[in-house]
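Residue numbers (our numbering), protein chains in the order written: chain A, 1 to 275; chain B, 1001 to 1354.
One or more hints might be untrue.
As the list claims (entries may be wrong) - Straight-line distance between alpha carbons at most 25 Å, and here's what the computed SDA-like set of lysine to any residue pairs gives:
1. 1158/B x 1216/B
2. 1246/B x 1106/B
3. 1158/B x 1061/B
4. 198/A x 1110/B
5. 198/A x 1246/B
6. 1246/B x 1026/B
7. 198/A x 1113/B
8. 198/A x 1144/B
9. 198/A x 1121/B
10. 198/A x 1120/B
11. 1331/B x 1299/B
12. 198/A x 1069/B
Stated by the list, open to error - Pair by pair, the computed Cβ-Cβ distance ranges are:
13. 18/A x 1020/B: 55 to 61 Å
14. 122/A x 1098/B: 36 to 42 Å
15. 1102/B x 123/A: 32 to 38 Å
16. 32/A x 1020/B: 55 to 61 Å
17. 1203/B x 52/A: 43 to 49 Å
18. 1126/B x 39/A: 39 to 45 Å
19. 205/A x 1147/B: 56 to 62 Å
20. 1160/B x 132/A: 40 to 46 Å
21. 1154/B x 193/A: 26 to 32 Å
22. 1071/B x 131/A: 44 to 50 Å
In short, the hints are calculated from the structure, not lab data.
Virtual Cβ for every residue (Gly too), placed ideally from N, Cα, C.
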Amino acid sequence: MENFVTAFDTTIDNALFWLTDHAAFIFDGARAVLEGLYDGVLWLSMLPPFYLAAVLVGLLAWRVLNLWAGIATAVALIACAAMGLWPETMETLALVIAASIIALAISLPLGVLAGLMPRLDRALVPVLDLIQTMPPYIYLLPAIALLGFGPATALVATVIVAMPPAIRLTSLGIRQTPNEFIELGHASGVTPAQMFWKIRLPFAMPSIMAGVNQSLMMAFGMVVIAGIVGSGGLGETIYGAIRTLDIATSINASIAIVVLTMVLDRVTQSLARTK
Amino acid sequence: MTQTDTSDVLIDCQSVWKVFGDRSREAIGAITQRGLGKQEVLREFGCVVGVSDASIQVRRGEIFCIMGLSGSGKSTLIRLLNRLIEPSLGQVKVKGRDVAAMDAATLRETRARHIGMVFQSVALLPQRTVLENAAFGLEVQGVSRDERNRAASAALDKVGLSDWKARYPSELSGGMQQRVGLARALTSDPEIILMDEPFSALDPLIRRQLQDEFRQLTKDLGKSAVFITHDLDEAIRIGDRIAIMKDGVIIQTGTAEEIVMNPADQYVADFVAGISRLHLIKAHSVMISAGQWQGAVDGLPRCSPEADIDALIGQITETGSDAIAVEEDGKLVGIVTIRNLLLGVRGDADASAH
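Using the sequences plus the hints, can you model the full thing?
This is the structure in structure tokens:
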């Protein structure tokens, strides 16, 4: 038995070595694409100075929520800068946005297909269950073996963790079209494409937006954990602070994470409602 | 039954069956070969017979009501007409074309242009304004925005919702929502309108109002309609002809007068027992031939064969006469006596003793 386990582990290790030796160009390419996306988003978010960014996001929060939310948002963001954590905060934001773009680009179409094809849905559910029951930092291990230390690894692990809620809620929304409207569509002579765009999608929108919001929150949680693999951003700040027992810095970084999470959560939630 | 010109039959539904269940194919085989009934099919195959050997013909310009209680198969039958449900057996022809044989594109075109449908649940898209909802059918057909909004606007004017076009369905009352449903069906200008219990969920006053408006509008526009209802009063108010359904079978088809005067069985008789005859039964159904009348004809008040009992009673009480002469085109066709009237009020079939 022990021999068997050892043999199994050796096989896995060898397979990984073989992949890094023979398929390196694939992973180098993937890494370049992922880091390119991350660098692009980071460049955009670092473009305005912190005070301007704080005011702009504050205005957005005021528009979609209310005046007090707008003021609180601006003050909280300026506080992040005051703690000397502005670049880290923006790195974390860039990671979340980059990971969410990839995660949604995969999970929204997949969720729609699962909603339209019950068999695909049945096949996906156990996979999603598995992804969500595993401890999230597990996904860092294969990623770090193939992509190395840095934001690319953090992105891949984050994408995996962020996808399930968007897939589930998109599929649910598409499946939940009330039957009388399906009947209306048929009786009006709609084409299959019109049935999707004019009838199913509008009814699924609230559920899909809830899925987007959930995915964003999952991405946030994972991006902080990904600090261990040198993702940069607040996660890495906290990881460093833990190793040196620098409690003050870890609390500062935690506050910045809370600020960022709350702003993103509230703004996307209310955008979903007004839709 | 008089022979009708086939070109005037818009919907011709011949011996249509619908069997629901996993083994419906086998069940249909058993029905055609062994002549199994509804109960045997359920026992042997676990299949439910929704519609059993139904034949109806809807003529141009006619409002055809299908009356039945819940579970009678009337909602299934109306869905067979535009193939929202596929028939298991039998043929449905709309304007002479077999609906079951149509390919997807032809079926879409037929539904979009020739058959409008109004649902009990109304099914207005909540994200769209009243105008956009009414324009939905034309939007789906790819008609330009200007043109479809003009048509939708005209349809909304007809149902009296001119001031509500920019509102959302949630801002409208139930009765107004159903008017939008009707306007949506009219916007594409189809010849046939299928009405699936459209007024059942409305309160009685609004319902009567909509019934009258619907009948008026359908007649004014020259449309044909198939109207499903569980309410015999509604069927009589609206329908030119009525089919009565029970357990998936059409047990009687005829005008309100025919059904009330000659119910096909005890079930129909029980149903029509509570219906007032005053406006249903006409002079020609209760009159006796002039030869059977002993008295003088010259002094009698006159009426047409289409005058209803209520009007005849009015004439008798006003003039104090014993009888009324029924005239058609200036010719005497029969006599209605007080005895005939009394029998007619009771709905006795043998009121006209020939």
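Going down the list of hints, with the structure as the test:
1. With a CA separation close to 11 Å, the supplied pair residue 1158/B and residue 1216/B stays within the 25 Å bound.
2. For the given pair, residue 1246/B sits about 33 Å from residue 1106/B by alpha-carbon distance, which is inconsistent with the 25 Å threshold.
3. Under the criterion of a C-alpha separation no larger than 25 Å, the hint pairing residue 1158/B with residue 1061/B is consistent with the structure, at around 18 Å.
4. For the hint linking residue 198/A to residue 1110/B, the alpha-carbon distance of about 20 Å falls within 25 Å, and the restraint holds.
5. Distance restraint check for residue 198/A and residue 1246/B: the Cα-Cα separation of roughly 37 Å exceeds the 25 Å cut-off, and the hinted pair is therefore not satisfied.
6. Taking the CA atoms of residue 1246/B and residue 1026/B, the gap is about 24 Å. The hint holds against a cut of 25 Å.
7. At most 25 Å may separate the alpha-carbon atoms for a hinted pair to count; residue 198/A and residue 1113/B meet this at roughly 19 Å.
8. For the hint pairing residue 198/A with residue 1144/B, the CA-to-CA distance comes to about 16 Å; that is within 25 Å, so the pair holds.
9. Taking the CA atoms of residue 198/A and residue 1121/B, the gap is about 19 Å. The hint holds against a cut of 25 Å.
10. Distance check on the hinted pair: residue 198/A and residue 1120/B sit about 21 Å apart at the alpha-carbon level, within 25 Å; holds.
11. Under the criterion of a C-alpha separation no larger than 25 Å, the hint pairing residue 1331/B with residue 1299/B is consistent with the structure, at around 15 Å.
12. Taking the CA atoms of residue 198/A and residue 1069/B, the gap is near 34 Å; set against the 25 Å cutoff, the hint is violated.
13. For residue 18/A and residue 1020/B, the Cβ-Cβ distance of about 57 Å falls inside the hinted range of 55 to 61 Å, so the restraint holds.
14. Restraint check, residue 122/A to residue 1098/B: a C-beta distance of roughly 37 Å satisfies the suggested window 36 to 42 Å.
15. Separation of residue 1102/B from residue 123/A is about 34 Å and conforms to the stated range, judged on CB atoms against 32 to 38 Å.
16. The hinted range of 55 to 61 Å is satisfied by residue 32/A and residue 1020/B, whose Cβ atoms lie roughly 58 Å apart.
17. Taking the beta carbon of each, residue 1203/B and residue 52/A are about 60 Å apart, not inside 43 to 49 Å as hinted.
18. A beta carbon spacing of about 43 Å between residue 1126/B and residue 39/A agrees with the range 39 to 45 Å that was offered as a hint.
19. Residue 205/A and residue 1147/B have their C-beta atoms about 28 Å apart, which leaves the hinted 56 to 62 Å range violated.
20. At about 54 Å, the CB distance of residue 1160/B to residue 132/A disagrees with the hint of 40 to 46 Å.
21. The hint said 26 to 32 Å for the Cβ distance between residue 1154/B and residue 193/A, and at roughly 28 Å that hint holds.
22. At about 46 Å, the CB distance of residue 1071/B to residue 131/A agrees with the hint of 44 to 50 Å.
Checked against the numbered hints given earlier, the structure breaks hints 2, 5, 12, 17, 19, 20 and satisfies all the rest.
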